[in-house]
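Guided by the hints, dock chains L and D onto chain C, whose structure is given.
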Amino acid sequence: MPKLSLHPDRLLPADPTTRAIARELYAEIAGLPIVSPHGHTDPEWFATDAAWTNATELLLAPDHYLFRMLYSQGIDLDALAVPRKGGVIPATDPREAWRLFAANWKLFRGTPSSMWLPHVFGEVFGIDVALDESTADFYYDTIGEALASPAFRPRALFERFNIELLATTEGAGDDLKHHKAIQASGWQGKVVTTYRPDSVIDPEHDSFARDIVRFADLSGENVESWTGYLAAHRKRRADFRAMGATATDHGFVTARTANLSTVECEALFAKVMGGKAGADEAELFRAQMLTEMARMSVEDGMTMQIHPGSTRNHNARLFASHGRDKGADIPRATEYVEALRPMLDLFGNEPDLKVILFTLDETTYARELAPLAGHYPCLKLGPAWWFHDSPEGMRRFREMTTETAGFYNTVGFNDDTRAFLSIPARHDVARRIDCGFLARLVAEHRMEDWEAAELAHELTVGLVRKAYGLEAPAREVEPA
Amino acid sequence: MPKLSLHPDRLLPADPTTRAIARELYAEIAGLPIVSPHGHTDPEWFATDAAWTNATELLLAPDHYLFRMLYSQGIDLDALAVPRKGGVIPATDPREAWRLFAANWKLFRGTPSSMWLPHVFGEVFGIDVALDESTADFYYDTIGEALASPAFRPRALFERFNIELLATTEGAGDDLKHHKAIQASGWQGKVVTTYRPDSVIDPEHDSFARDIVRFADLSGENVESWTGYLAAHRKRRADFRAMGATATDHGFVTARTANLSTVECEALFAKVMGGKAGADEAELFRAQMLTEMARMSVEDGMTMQIHPGSTRNHNARLFASHGRDKGADIPRATEYVEALRPMLDLFGNEPDLKVILFTLDETTYARELAPLAGHYPCLKLGPAWWFHDSPEGMRRFREMTTETAGFYNTVGFNDDTRAFLSIPARHDVARRIDCGFLARLVAEHRMEDWEAAELAHELTVGLVRKAYGLEAPAREVEPA
Amino acid sequence: MPKLSLHPDRLLPADPTTRAIARELYAEIAGLPIVSPHGHTDPEWFATDAAWTNATELLLAPDHYLFRMLYSQGIDLDALAVPRKGGVIPATDPREAWRLFAANWKLFRGTPSSMWLPHVFGEVFGIDVALDESTADFYYDTIGEALASPAFRPRALFERFNIELLATTEGAGDDLKHHKAIQASGWQGKVVTTYRPDSVIDPEHDSFARDIVRFADLSGENVESWTGYLAAHRKRRADFRAMGATATDHGFVTARTANLSTVECEALFAKVMGGKAGADEAELFRAQMLTEMARMSVEDGMTMQIHPGSTRNHNARLFASHGRDKGADIPRATEYVEALRPMLDLFGNEPDLKVILFTLDETTYARELAPLAGHYPCLKLGPAWWFHDSPEGMRRFREMTTETAGFYNTVGFNDDTRAFLSIPARHDVARRIDCGFLARLVAEHRMEDWEAAELAHELTVGLVRKAYGLEAPAREVEPA
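Protein chains in written order, with this note's numbering: chain C, 1 to 480; chain L, 1 to 480; chain D, 1 to 480.
Only chain C is shown next, with the shape it has when bound in the complex (with noise of 0.2 Å):
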């Protein structure tokens, strides 16, 4: 039976000098604690600490990145107990979809996939043989058993994977229950919120219409007047920071601004609330509330996230059948230099403004985020995001920025999962991928050692704390 590999080295680049650069870079830097202030785990888990029930339910069927890939194979969804529209689960043996899966674990190759994994698997779990189809009920077995277990309760998971900040994200129509319980327990662990008000602002968003009137009840405000829907906004802000969020999050499809007046505001929101607003009513109004809403991060000092240029639901029969966020998103170009500009020219010289923008665009990196945040106080680069949180993706992203922004206009690390278990893997793959970018710079004499290890840390831990407005913990000394 092959055995699970998981090589000390692994990722750290083959030339032999450079390699011993990245290992002791990553050495100082593999232990520090894990701060997650973007991501979709489910707080409900934190709230009950319930037990998960089984590899294919837990590891499975929620994970796009496996189930897309199986799915661009020939595999149906269903085999696989991947939830269809609605929540609703197919009737499907668990067992006998993770050894669908299993059987086909070869295609993950060459994947992310192929390193979070296996660093589940071993390390969370313990499994020292490799998957495949003759290993497949010895891992569903195994994992079951694990996770019946109180150390493999999720509080227990959040201590032992030493999380110093875990971020989730709710929409604006949540009523941050989960949270609240959380905060009631009395657990240790710092789990928050994030503000996600997407689907009350897009009036394309399949929600629009529901949620609006979520908003309207848990704010209070009128949110049929212009003012009140502002208004609204800035007390679920309030809400949400009430449950630890220092962050919103936005995720058009473009990265457009504008900077309406009032007037031109008020008619185009009735056409919103009316329904009357066409396409590109509904663009220039979502343009706007980006706007609005960094006009309000200046006021609140929340940091603001843009995530644009997913083409949502590409596959319309899937859709049909499945729903949303079932791996059909695919990326488009994305334009940053003239979507910004009116955003930009309000607010672009706030020195307290945090504004991190993200791209599935990769052409843009060099060619306009960098330059873009290498200038402007009020920007910042996240890190590679989605299809690029790859060992390749990430490479580049630090190949194409750092020239122009350099390493202190970027905010470290985001695992941006729902995958719980994952989180540590994720975060590993980034500490081992930029301790093997900085030795390459350090190989190269375009580095001391010692400004490697200060970015090391920095890349770690120190540039996501301030950028994300998150304390460094009392215990923690950081270097001189």
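Among the hints, a few may not be true.
Given that identical chains are not distinguished, each listed pair holds provided it fits within a single copy or across any two copies.
Straight-line Cα separation of at most 16 Å, EDC-like style, residue types lysine to aspartate or glutamate; simulated pairs [to be verified]:
no., residue 1, residue 2
1, Lys106, Glu448
2, Lys235, Glu281
3, Lys190, Asp49
4, Lys85, Glu44
5, Lys3, Asp449
6, Lys190, Glu44
7, Lys106, Asp449
8, Lys106, Glu451
Hint data in this document are derived by calculation from the structure and do not stem from the laboratory.
Showing chains L and D alone in chain C's frame:
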């Protein structure tokens, strides 16, 4: 006299650890047969098995990689014996043309021609001195003498090259007589055709009017009606399949597809045939026909290849004097996500349809193509194409597609060439680059050595056979 | 106190085999003279040979690479002594500005400034301790004392730097008095000008109205008529050639060219001069004028440089307070294939015309620029520019252009700088990166060592002299 160098480790990574792994991988697959499912060799060569004449006519005058570079440095195409419009051969002494090429051989340093041609010179002709002014005549004579001998006839070289299958490309107005002659000859070499109907689909193609007539004649259908026109395609696809074709190929300037109603199709088709289609309507017709071709592929099982993004005949003066394919085709930015949507809405989830996407716009690798192929069952990624069919280009292809699409959504290598003698060289370059890429993954502990070995075999023969619906020859045993 | 590090192997690849090859290549060309055919130093320096004052005024306040990064981290430009609009110098103690820079020097880790400045500090000023807060005063004093000495006057440094030729850039409304003074002085240093008529071509340029008047005065032509306007350009081009110019330079936001009839040109010109040209007409006029400039280059032999793609003065507030060139120019996506077509239709096949293309959009390297330059006789590729004039940027340039355009369609290095003291540092970085790239090709057996040595020489001095029509100095013997 400088020696011709064909170092056994050429193109393998310099790092000793990685090179050693790459060398082992390469050793295992270097001797595998050549499967060439997409190219532009002349079937007449294999039908008549006539001898080629000289180095200039065979290796220089038809090779646009060579004469475009020489032209860019101010060398006249006439002096290189490149045919003028209508195939008129200039009255240039072919030996003089060869000398001119030899004297300028240094221009190709760092280009893929500097890998391909020495392989041809050394491995095919047994030459062991480097090409330059002083050896030009020796080359010309050696090659000329060889070509006159039976061992250098097309069929003999085909066998010597260990070619398992070679696909040529013919238009919809081609009578396939050479392929018929090959079949009738009893020769065992497997030379098949490919259905490329561009000139009867694109109203802006310079041969459209002429080829539509041939298309009608050969199909026996009334191509004046939309129904008859589609029936003619079905007939001709069957004709091509009878000559071994398993694939179609489509090379329009964009990847746009459409999904019009039958009534709309009929109206548009009438305009096209009446010569009244403007540029937008011509584009819409090509778009609709890509969808029709996909529909027919669902019916008849032929693999569909899409090669968009070339701005053909950019140099107006050269097009007037020398016609098509004279090195003046320039890539352009190409969009896939919206362009392919109408076709994917209809057939994207068909498990048995195979649509292979190519690009000249590398920015789409990670942003559009890998995400599309990593989701839709029908989509596969063609190899790095044309300007990117080169060591760095192939490396970028793997680095930018693998993490999202994996290896198994790719289809092996295409040589895409009419330079028959360079086919082994081109496949060899691809094998070396793939082994180098795999070796890096192994050296960085991102993959096991046995996995890399399996993949090297897949990338060389396994995936191409699968993608193009080719059977593995009985004699070869796939590794367990 | 940490030492200033200028490792002899800096920027060479880490792999020992490759580094050894790179080191040998570099040793052969490190001492070659500097040919600087494109830059922005002030000719007054060489005309008057006056001493510079202090580190802040010379090295910090004019360097947009430095102050843009500091600004992006919230540091006020006033505190850095950066001049305000109209050249007003803020009342900042230059020593305090220098201390602020020194205290933030870590921000430049990983940027090209971290390679250039230590070279200036170490090689030009002989400083051997690293820059930080504790050494800021030592730096400031050491540099100030040196600058007061004769050995650090502009002409003395020019000679010490072994500069064979230095081109400055002047507008069409410049009287070239400094160049005349240099010529009249009898000093042997070769400082030439470059014709940059942007401000009399671009109706949207903020100096258009003013500069057109000077242009008329200096040319003595009636620039109110289209014919007179063109004649004025011809006159001024001749004036510039008399001051050594061999090149023109054009920096509009797009690369668009046009080919209007004379009647159309006259009508468009009348609108432009009447202040009635809208944005589209201004763009069309710039496009037509690029074609006119190419036409004049065919006539007078001047090399034409095209630098498109910069969104100038993106930060409106900063432009209002500080004016142009304050680090707020942001690249944008740039298209060349259709943009250049009208000009190429006319002059693309001219064997003696030289048009050098630059880009801020790296996606065009492999997709558009290398295919264009690898075909059209008139086109050459300028080196990696501005944000991409950096180790990684230069590496990407070679990796993405060489396979299609070769080395011989490139033109050597441009330092493009007004930071005179950094010129040796910048050329040194380019030489090291080129040698590293060539060394990799040798190490991978893609090129012979003697070929790489020949190319290293070409990339350093040969190609630049040829592209800009410069004669090699008699004393230098080219390698056989």
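Hints, verified against the model:
1. Lys106 with Glu448: Classified as between; 11 Å across copies, 40 Å inside a copy.
2. Lys235 with Glu281: Close neither inside one copy (26 Å) nor across copies (49 Å); limit 16 Å.
3. Lys190 with Asp49: Within one copy, since 14 Å is at most 16 Å while 64 Å is not.
4. Lys85 with Glu44: Neither way: lysine 85 and glutamate 44 sit 21 Å apart in one copy and 56 Å across, limit 16 Å.
5. Lys3 with Asp449: between (35 Å within a copy, 13 Å between copies)
6. Lys190 with Glu44: within (14 Å within a copy, 62 Å between copies)
7. Lys106 with Asp449: between (38 Å within a copy, 13 Å between copies)
8. Lys106 with Glu451: Classified as between; 8 Å across copies, 40 Å inside a copy.
Of the hints listed earlier, those the structure fails to meet are numbers 2 and 4, in rising order.
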